[in-house]
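Participant: The task is simple: from the sequences and hints, build the whole structure.
Heads up, the numbering used here is the position in the sequence shown plus 515, with the first residue counted as 1.
One or more of the hints may lead you astray.
Pair ranges (Cβ atoms, derived) [unchecked claim]:
#1 664 / 520: 25 to 33 Å
#2 623 / 702: 26 to 34 Å
#3 621 / 701: 15 to 23 Å
#4 754 / 548: 14 to 22 Å
#5 669 / 727: 34 to 42 Å
#6 621 / 751: 45 to 53 Å
#7 517 / 700: 28 to 36 Å
#8 623 / 689: 37 to 45 Å
#9 568 / 548: 14 to 22 Å
Here are the simulated SDA-like cross-link-like pairs (lysine to any residue), alpha carbons at most 25 Å apart as the crow flies [unchecked claim]:
#10 525 / 565
#11 672 / 683
#12 524 / 635
#13 751 / 727
#14 524 / 543
These are calculated hints, taken from the structure and not from any lab test.
Backbone N, C-alpha and C fix where the C-beta goes; we use that ideal spot for every residue, glycine too.
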Amino acid sequence: MTDALGWRKKFAVLVPSTNTSVQPEFDGMRPVGVTNHISRIRIPNMALRSNDDFQRLVELIAAAQIEAVDSAMSMEPDRLVLGISAESFWDGYAAARRLKQELEQHSGIAVTTGSDAVESVLKLIGVKRIAVITPYFPVGDENVVRFFEEAGFSVAKILGLKCESPVAIAHVSEARLRDAIVAVNAPDVEAIVQVGTNLAMAALAARAEIWLGKPVIAINTAIYHHALRASGIDDKIPGWGPLLERY
516 MTDALGWRKK FAVLVPSTNT SVQPEFDGMR PVGVTNHISR IRIPNMALRS NDDFQRLVEL
576 IAAAQIEAVD SAMSMEPDRL VLGISAESFW DGYAAARRLK QELEQHSGIA VTTGSDAVES
636 VLKLIGVKRI AVITPYFPVG DENVVRFFEE AGFSVAKILG LKCESPVAIA HVSEARLRDA
696 IVAVNAPDVE AIVQVGTNLA MAALAARAEI WLGKPVIAIN TAIYHHALRA SGIDDKIPGW
756 GPLLERY
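Facilitator: Listed below in structure tokens is the structure:
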């Protein structure tokens with residue numbers, strides 16, 4: 516039988532337990548007949564003071580991920596959507612592809628990841644040279660740059676905000692994000708990409724695209740766009756920028 520509310524698609528959305536931005540942003544983008552169901556990957560709200568701390572955080576997410584996947588599968592989702600960023604960029608392009616394949620094999624359903632979604636968007640809009648904003652420490656930024664370069668893009672500049680804990684990522688203000696957009700922008704940058712799913716930047720990115728006159732891609736918008744379009748949902752959704760309104 517068809518789900519009464521998710522009669523078109525049910526998405527199982529994996530997020531770290533510290534993430535408070537993915538759920539409200541995804542729900543704001545949700546068309547009628549599609550439902551989002553959060554499964555939390557249990558991690559501590561640990562202090563982040565160094566590259567080693569950040570590396571440990573990524574390892575903790577990876578270690579607890581399958582339990583969250585298995586928990587979500589009991590509601591029979593149509594697609595697994597990773598509301599996680601860093602892990603999907605870690606160790607380069609081949610590792611990102613392998614992560615997606617492993618999750619698809621384990622769950623038996625299609626998977627959307629952050630890195631895959633952003634790559635798809637960049638190819639869709641036809642840009643090659645980008646600037647990137649992250650909440651990460653340098654080790655995270657290095658992995659992001661490695662992924663994009665191995666995927667065939669050029670990273671002109673990357674700015675990591677070095678947030679002091681996973682929860683603190685969601686505390687980054689719109690003003691600070693605006694300043695970050697300005698800091699990484701340059702005439703030779705074709706698009707600005709924000710990664711880190713707990714950075715609440717989707718609404719700001721839509722507005723920034725207007726005053727910059729170039730694409731500003733928030734990863735949560737890219738992920739949800741990919742999940743919808745790959746699931747055959749073509750609704751044009753206003754209020755979140757050209758990606759969901761036109762493509």
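Participant: Output the numbers, in ascending order, of every earlier hint that fails for this structure.
Facilitator: Violated hints (numbers, rising): 1, 2, 3, 5, 6, 7, 9, 10; every other hint is consistent with the structure.
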